[in-house]
Structure formats: structure tokens, C-alpha cells
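Undergrad: One letter stands for each residue in the lines below.
Protein chains: 2
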Amino acid sequence: MAQIAQETGVSITTVSKVLNNMPGVGNQTRERIQKVVERYDYVQNHAARHLRKGQSGLIDLVLMRLEGGYDVGIMHGIQDALKQSGHRLVVFATNEDESTERLWLRRLLDQSTDGVLLLLPYEQVGITDALLAQHIPFVAIGDRNEPTTAFPTIGSTIWLGGYTATEYLISLGHRRIGIITGPLHLMTSRARLAAYREAHERAGIPVDPALICEGNYLLGDGIQQTHSLLDLSDPPTAIFTGNDAQATGVYQALYQRNISIPDGISVIGFDDVMYTAQMAPPLTTIRQPLMEMGKMATHMLLNLINGQPLDSNHIELSTSLVIRNSCARPRNGSL
Amino acid sequence: MAQIAQETGVSITTVSKVLNNMPGVGNQTRERIQKVVERYDYVQNHAARHLRKGQSGLIDLVLMRLEGGYDVGIMHGIQDALKQSGHRLVVFATNEDESTERLWLRRLLDQSTDGVLLLLPYEQVGITDALLAQHIPFVAIGDRNEPTTAFPTIGSTIWLGGYTATEYLISLGHRRIGIITGPLHLMTSRARLAAYREAHERAGIPVDPALICEGNYLLGDGIQQTHSLLDLSDPPTAIFTGNDAQATGVYQALYQRNISIPDGISVIGFDDVMYTAQMAPPLTTIRQPLMEMGKMATHMLLNLINGQPLDSNHIELSTSLVIRNSCARPRNGSL
Chain B
1 MAQIAQETGV SITTVSKVLN NMPGVGNQTR ERIQKVVERY DYVQNHAARH
51 LRKGQSGLID LVLMRLEGGY DVGIMHGIQD ALKQSGHRLV VFATNEDEST
101 ERLWLRRLLD QSTDGVLLLL PYEQVGITDA LLAQHIPFVA IGDRNEPTTA
151 FPTIGSTIWL GGYTATEYLI SLGHRRIGII TGPLHLMTSR ARLAAYREAH
201 ERAGIPVDPA LICEGNYLLG DGIQQTHSLL DLSDPPTAIF TGNDAQATGV
251 YQALYQRNIS IPDGISVIGF DDVMYTAQMA PPLTTIRQPL MEMGKMATHM
301 LLNLINGQPL DSNHIELSTS LVIRNSCARP RNGSL
Chain U
1 MAQIAQETGV SITTVSKVLN NMPGVGNQTR ERIQKVVERY DYVQNHAARH
51 LRKGQSGLID LVLMRLEGGY DVGIMHGIQD ALKQSGHRLV VFATNEDEST
101 ERLWLRRLLD QSTDGVLLLL PYEQVGITDA LLAQHIPFVA IGDRNEPTTA
151 FPTIGSTIWL GGYTATEYLI SLGHRRIGII TGPLHLMTSR ARLAAYREAH
201 ERAGIPVDPA LICEGNYLLG DGIQQTHSLL DLSDPPTAIF TGNDAQATGV
251 YQALYQRNIS IPDGISVIGF DDVMYTAQMA PPLTTIRQPL MEMGKMATHM
301 LLNLINGQPL DSNHIELSTS LVIRNSCARP RNGSL
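Going down the list, the sequences are from chains B and U.
In terms of UniProt numbering, the first sequence opens at residue 1 and continues consecutively.
In terms of UniProt numbering, the second sequence opens at residue 1 and continues consecutively.
Bear in mind the hints are in silico, worked out from the structure with no lab data behind them.
Among these hints, one or two may not hold up.
Distance condition first, Cα-Cα at most 27 Å in a straight line; then the derived DSSO-like pairs of lysine-lysine [to be verified]:
| # | chain 1 | residue 1 | chain 2 | residue 2 |
| --- | --- | --- | --- | --- |
| 1 | U | K35 | U | K17 |
| 2 | U | K17 | B | K35 |
| 3 | B | K17 | B | K35 |
| 4 | U | K35 | B | K17 |
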């Protein structure tokens, strides 16, 4: 204001009056000030500036649950990618509740966003359809219910990860490997199970259906299904879980039964979330490159927002085996 | 647009031209359409609507680190409180990096926000001063460097928590209790240590300075300082940590040395983050009501935004002892 006042030769009060559309300034003076103001591209805030360009300066992340594992890993990558772009990240968790999901969607359509990152394996109120209809750019990250090319998705090589995990346990001498899956209506849960079967087949080991337990990617499944597996007349010597939260549940159940890891039973997880190295013993797991997935999804979204074409509508980053201390040869195993 | 076209008796194209400030429409028609538009309170999006009222519809959360523990607990409470208010939550992590902190502050002042939640124990670039100068409402949550009444803060009864933890270990028969603190330039780290001393004094037990280790609230401190404590000629029989991340570090170090919990050494943490119940053994800890803290801070902020007075500028919610399985009597302890 001081600069504008100086340049136009009026008082700061006069400039303020013009900026706030208050009376008491002659038309000529008002016009003169407004011209300088326009040259300075004076806008009260960035929101207004974005609005002119039809942009809000916001990217929305919608996720199912704030759990502090998988989600936080991906958020680290998103934050990192947004450092340069100048966008702010709006975060919303639906908590798998249909009405909350609807609330988010209504608010998003009603308010404004430049683009959306979806961290929802499945949706209940047609979010992707609504985003497509409204031409709001979006990228889906991670597990999806069904494969699609209708919109950009980024994931990791889940099947290969499941294969690597099972093969590793087999290589240690395990022949009875329990598996605790995610919900089997999810593609990526089925991919892990298919890979588990494939690794068995390749090694010439028959799969006992009693060793396959369906869970929901929650700690609680890990506890409950481990107890079921241990109650079998011929219990497994190793357990492979769909994610690290389930693996911590397995730890919990084994602790309750006073069975040591890995001497009593081997455990292998999936994801490599932040706390896996801190578990006792540190968890051997299949790493999903969460940070890189978040980063790449954000770059894809920013390209879409800027009207640039994507190289590919679906990208999978590579999973890898992280060997720590939760797997060993079975007690009576032979190689 | 169709509705406006019908009501004013013009084509949709004409309405569109007026809405987008394009030429080719007579002044009279333009005015007529604009009146109807105004009546419909037609705005392209909520951002514009907020802008008119001088509101962005956004609340900013700035935090030091996205760790998946303490921070996620508080975010749950914030999200819950914002469900009703209609605000969206913008999240930003500074990662304790001065230039990133500066970037956030510049972006915040340049863009727009209705209010800020600070989850920063200390700041490097004068964030609170800048927010106060710009009259941006804000509430600080949790640990702060120094006590202040210059702006609203919400915390928990840290000193009492530290006292309760130490007293509990003493009641189990421990006489040599190691403590791994947070950085001692932080008020709340000093509060835990002061409470530890107080509980000792009250029980008539002298404090051995060799048992006091300063850390940085990180897992790594927990590991490192546990090894230092165990290398003492007269090592502790119990360890009290400044937060749960440090406690998981203690678990890790004890696992490396093949010392069992709680038979070999008792461990008590602080915070009660989501994963504590999942640790093996489940961690006994001092609970901070993280969700409630996030919720109450948000309610305070919304009151400030709406120009309502606060009942108090500083509120502390109560900590509590959560007894699980990581503490027991010392091996040679006498009661």
C-alpha cells in the first residue's frame, strides 16, 4: 500500500479506501490507483490469484484410514513432491464410512480442488465416476478393487512380492506355510494368494487349503487367524501376511502363546512400513516403495493438471524382499 | 446456467458469456442476467464464496514430522472435529528443516487460511510471531519449548504423567530406574525428568545421575541410550522413556542383548500411540489423550475464527497410566 501510495502521490488511507471499495475518493484518483494496483497484480491472497486462473492451489488426498503405516509412507512422498509445485495438501479420511465418503465428495465438488489423489482400495459412493464426470484430474494409488485403465493408477508389483515371500520361506525349508490374506474381493489380495500358490506349485509342494485364511488387513485378523492356524492338528511353521499390521497381530498371538519368533514360527509381512525395523524381532517383509509411489503419483497428477500427457496410465514400482530377523529354518526342516 | 437462461429469456450461450465476462452481450441484457445470477448467489465454487466472506474454508496443520504415532493420533481428533465445521485440513510437515519451515510460512502468508494448528515443539523461523502479526488465529498443540500465554495452547498433564510412571515402577520394587528423556531444552522433557526426581525423593530413593540419559524422542536414542545404561557397572532394572518411539528402541536394544521384557528389564513409555498394544510384549505406558487433544484444539481454533472468546488460553488434559505387560517386579527386588 505504501508503495502504491508513493507511486500515485496519494495517502495510504486513500489507497486503502480504493482497495476496500470505500467511498470518499474521486473517480479520477480511484482509477489512477486501480491501474497501479493492477500493474502490481495486487490480490489479497493467492486463493484469489488461483481463482482467476481457475485453480485453487490445493491437492486433495482421500484415504480410507489414517493408520500411521502404509498411509504415512505414501504421504511422505506426496509432501516431498508438492514442495516444488506450491500446492497445499488437503487430507481427508473416510474411515470406511459411507456417509463420511459422501460428505467428502459433496464438499470436494462444492468447493474447489486442482486434483485428487485416491488412497482407497474401493469406494462406496461412486467417487471415481463423479471425478471423471466433473473432469477433476485424479490418480489412484495402491491396491484397487479391480484393474482399470479408465483413470491413472500407480501400484507396486504385488504378485511378484507374494511370490518372493513364499519362495523365500520355501528356500528356508518351510513346507507348511500359513497365509493370512486381505479381503479376497480386492485384486491385490488375490494377487498375493495366487503368487503363494504359484511358488508352491513351482516347488512341487501341495497347498493345504486349511492354511489359507482371509483377513481384512487389520491387526486383529493377524491375532485371530494365527490362533486358528495354531489350533490345526498340523500347524504351519511359517506365516505370510497380507500387510505389516497383520504381521504385528501374528507377533501378538505368538507372544500370547509363548512361541518365539523365528525359532518357533517364522513370520513375513508385506509393505515395510516405518515400524517394522522396530519390532522385536525386526520383521522380515516385502517392501512396497511407499514414498516413491506417493511421489510418482503426485508427479502424474501435476502433469494432468498442467494438461501434459502421461507416459502410461498404470505404473507399477518394484517390490523387494527385506530380510531382517523374523524368519529362520523350521525346527525339524530339511533342505 | 439453463435455469438462469430460462428465467431471463436468453440463450445459455449468452448466460455463459456474461458469467465469463466475454463480449457480445448488450449492456441491458448483461445487467439483467447479472441480477438473476446474484440472486442465485451463483459462484463458481466454494472458494470464491469463502473469499467474499474473507474465508478460505481451510485449516492448516503444520507439524514437525509425520511419524505415524503421536501425530496421527492428534490428526484423528482434528479430522473428527472438522467433520461438522466444513473446513478442509491442509497438512504440512517441516521435517525440522529451517528452509522447509520458511517455505511453509511464506506459502501460508501468501495464500490463505482460516486458521492454523501448530504441532511444533519449537520453531526456527518465528512462525508464531508471524501468525500473531498477521492476525491469523492459531492454537498450539502439545509440547512447547517455553510456557506462554501469548497464544492458545493445549497440552496434557506431562509432569503428572512422569510422576505416575516413576511411582509405578517404584511401587513394583524398582530402585534403579533409568530415564531416557527428550531434548532438555523442551519444557515438557524437563517436566518428565523433574517428576522422575520428585517421585524418587518422595520415596526416599536417591537419584543416580548416571541413570539419566538425554535423547531426542527418536527410536535411535532408545537403542543407543539403552546400551549405555546396560553398560553401567550397576545397570537399571527398569527404563522410563520420554515417548513410545524411544520405548520401541529400548525393546530393540534389549532384543539385541537377548534380555527379556519384563523379566530381565521393565519398560514404560509415554504417549500411548496406536501401535503400543501391538508391541511384543504390549507396552505399559503413560497415555496422552491425543485424539481428545486434537479435537479440543480444533474446537478452540474454530471459536477463535468465529470471533468467540476462549474459556482459557491454556488447557491441559489428563494423562493416565495404561498397564500392559512390559513392567514387572525386578528379579532381586524386595517390596
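Undergrad: Does K17/B sit within 27 Å of K35/U, going by the straight-line distance between their CA atoms?
TA: Given that 27 Å is the threshold and the Cα spacing comes to 26 Å, the pair holds.
Undergrad: Holds or violated: are the alpha carbons of K17/U and K35/B at most 27 Å from each other?
TA: This hinted pair holds, its Cα atoms lying about 25 Å apart.
Undergrad: With a cut-off of 27 Å on the C-alpha distance, tell me whether K17/B and K35/B pass.
TA: holds, 15 Å
Undergrad: CA of K35/U to CA of K17/U, is that 27 Å or under?
TA: holds, 15 Å
Violation of the numbered hints given earlier is absent; every hint is satisfied by the structure.
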